[in-house]
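Just so you know, the protein sequences line up as chains A and B, in that order.
Under the working numbering, the first residue of the first sequence is numbered 1, with each subsequent residue one higher.
Under the working numbering, the first residue of the second sequence is numbered 1, with each subsequent residue one higher.
Calculated from the structure, these hints are not laboratory results.
Careful, some of the hints might be misleading.
[What the hints assert, rightly or not] Straight-line alpha carbon distances no greater than 30 Å define the calculated DSSO-like cross-link-like pairs of lysine-lysine that follow:
{"#": "1", "chain 1": "A", "residue 1": "LYS7", "chain 2": "A", "residue 2": "LYS194"}
{"#": "2", "chain 1": "B", "residue 1": "LYS172", "chain 2": "A", "residue 2": "LYS620"}
{"#": "3", "chain 1": "A", "residue 1": "LYS97", "chain 2": "B", "residue 2": "LYS216"}
{"#": "4", "chain 1": "A", "residue 1": "LYS608", "chain 2": "B", "residue 2": "LYS46"}
{"#": "5", "chain 1": "A", "residue 1": "LYS608", "chain 2": "A", "residue 2": "LYS194"}
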Amino acid sequence: MSAQGIKRWLRRNVLASPVHRFGWASLLLLIALAVAPTKDFFNEWRHYQRKYRKFISTRPDSAALQHHFTGGIQQVWLPELGVVDRCTTCHVAVTEKNLQNAAYVPEPFRAHPPVGHNVKDWGCAICHRGQGPATEVAEAHSTTHAWEEPILPARYLESSCGQCHRDSLTGTPQLNLGRNLLGRYGCVHCHSIKLADGSAVQPTDDPPSLAHIADKTTREWIYAWLKDPQSYAVSATMPNYKLTDEDARDISAFLMANSTPVEGDTAPISGGKAVDPAAGASLYGLSFCASCHAVQNAAGNVVGGDVGPELTKIGSKVKPEWLQVWLRNPRIYAPETAMPHYRFTEPQVSLLTAYLGNKTDTDLLANVHLDAATPEQIAHGKRLATEYGCAACHEINGIKKPDNFAPELTRIGSKPLVQISFLPGMKHSTPDYIATKIRQPRAFGSGTKMPQYSLAPAQIDALTTALLALTDRAHDLPFALTVPAKAPSNYQPAGKAGKLMADLACFSCHAINGRGGDMAPDLTWEGSSVQRPWLQAFLKNPGTLRPALIRRMPQFNLSESDINELTDYIMTVYQTPAFDRDAFAGGSFAGGAMPAEVEQGRQLFYSKYGCQGCHIVDTKADKGYVGPTLTQVGSRLTAAWIYHWLKNPQSLQPGTLEPNRNMSDEDAHALTAFLMTQKGSGKQGAKK
Amino acid sequence: MTRYWRTLLAAGLALATAGCTRKPAPAAALKPTGFGAALVESSGGKQAGAIGTALAQPVIVQVNDEQGTAVAGALVSFTGPVGVGFDPASGLTDSSGQLSTNVALGSMSGRYQLIAHTATKAQKPVELKIEEIALGYQEQLGFQLNNKYCASCHDPESTPERVSNYDNLEVKPHPFTEGDTLNKISDDDLTAIIGHGGPALNRSALMPPYGYTLSKAEIEALISYIRVVSDPPYRPAGLVYARK
């Protein structure tokens, strides 16, 4: 039909009369009006809701499911958190307990697996991220032009918990590990991370001061260490800076030239006689060095604690003169070290010095030949040390600790994608960027200063998780809506005993009033718990209370007056306000407790409560390995402590393994009477 | 104009080829120098790890020949259900005949069957099935509680850090992998035993009650963990279809 034809047809049929015109115009208007409802009718979410109704109609519980179902757009609104969440419009059955089984229920209808929060109240986007208000699949889940934050990959999901939960949670081991690693690997020496409560993440790695490094080691070792720290110790947390031979040469020259001696640190070695290596190994074992220090065994496994540095090749590192002084008293070289002042005898010092000195690796320094350093090299070394930010972690004479050496990571989890320079071929997402940056920092250009860390894949995931928790929301959340972290304790014991406890580094293993390590028992209420004579004997010669424990407290060769000082302090200060330590002293528990009650306690111990499953009272018959041995519990613990412990162990030591048995007063009393008769032999009480 | 079309055509072709080779055949890059007859699992099977995350230990498989001697340079590739990632997904065995890969499980909790593939000299495929367990939030919580409260008696394996108490007990506890027994005990009965101790169901008093120590949610989490690690797998009773 030609244009003329159309015109003629229009004139004849459509525009023939006002009635015709009105009719056709109405028709057009109707069609135009119908566009929106039609589009709405074919919306994705309606499609899913229709599919859901069809799906549940085939199920035997369809009536109940139908009853719970509400059609239309569903929305969770959390105004304080700025969350609008319409995910449940398509994920209609997130709270249906019957629809959890992945084998029978197709997505998006599967119910959410149980978590600590009710999904109905919180919605999905607050944890899974994505675009909450969207009602289309692509818009809700992926990155669009208007929305950068796609659904968070499942492997980093715990980061969302960390936005509100500032403390560690039992259910988020990965997040806890990541937060721990931020301190342990010293990330926060260079990258500052401020938290919403105004505090900052603190490093926990305690990098050694390099101010007196020449006393301790040789330039050759520093060179080898700088080139590849893990070739010296596989568990070393120091990263690899990928230095050239020249740069490592110059930095080592600078550090040696810049070191100042510590008085008394280079005393000539004493007792240079050949010593029995077996005796050295046995002293190493008896001093429980392995509780803090690891050694790589023949199979390549690193065995031992990670409080102190790995000692596999320590003989190739330290000078024997320095080691000897260090073993005598580590506080001369490093006043704040976590290592206790052991009070070794002189023969013990030379024995250990010789034993550790033999832990060498001849290959480590075989190819390191350094000529005497020139002033230019030293100056260049200083420049390099400043450029690489060595002083951000280590104390170095003449270089100030740089502030904000690396970008701040306070809000890294919400970093806009446009501010990130991605590698070619890399997925444009924040999690991928962070993980790749941690895994291979130097891939982002040769000018990148960040060194190469030796982290396992699980550690990288954990660190990424912890960093992804640092979002704008985490930072701007009203304080009332957060679960705050426990404030760190800076408890200091007072007086002479306090000085003694610092010298012995008690807090490296024991916690008191919220401060200290978790390797050994918490001593906050120790004064209410133990009897004075036992504590004195224990400090003189510590034994283990647990049959299956490989660690125990080392012996510190304490003097009689030191022991009395510590005992007095512990017995006086570390008392619980919950009960009187001497409440049950005297009375029926003092000497001959009523035999009938003791016998009743024995019955309860062995039959009703089955205590022998975990504890040993009779070394011949009982075998329990879980709890402490109770053969001398009557001379170790106070009756009042045993009674209150039996009534509610968690009230005296939160988190203890011993279950609360909801014991009646009579049962607890009888058991206490029985346990107080377990005095052990006098000699065993001290040693065991 | 023609140049414009030609560029467009080239781009389209490039895109199409890219689309076809999105899953690059690793065999093209790696030429096996050895061929084995059997695949065995060295370590890393039956691990439990949080959903989506890398397992703590790598999965290590070994290629052996007919005599059971390790074969170096054999090509091994790994496949698994949707969402499972391998790093690397394929590779050649080292001098001890082994290949190690880091595995990240998918985002749904439950069991994952991974398959390691290799081929004999005659191009006959050899497969090895490896099972791993992914823990969701609840199971993960249960896993933590198990490590703290239960494992010292219920896990017969000792580690240097934790000597098992299993052998010391007169009445042996059930390891949680013992599906033959535990799968027959209902959730309610397990809750009763954990909450009120063994005697609640006429079992040993050596199992103490944890109802005053653990919360209801924690006991549920423990049960979900027990269910996910049981072997053979636990199958909850399905819905009963009523007759109309």
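Okay, the hints, checked on the actual structure:
Between the alpha carbons of LYS7 of chain A and LYS194 of chain A the distance comes to roughly 74 Å, so the proposed pair goes past 30 Å and is violated. Pair hint LYS172 of chain B plus LYS620 of chain A holds up; C-alpha atoms about 19 Å apart against a cutoff of 30 Å. Of the pairs offered as hints, the one joining LYS97 of chain A and LYS216 of chain B holds, with about 17 Å between alpha carbons and a cut-off of 30 Å not exceeded. The hinted pair formed by LYS608 of chain A and LYS46 of chain B fails the criterion: a straight-line CA distance of about 37 Å is larger than 30 Å.
Note on LYS608 of chain A and LYS194 of chain A: the hinted pairing is violated, with a Cα-Cα distance of about 53 Å set against a maximum of 30 Å.
Hint compliance for this structure: hints 1, 4 and 5 are broken, all remaining hints hold.
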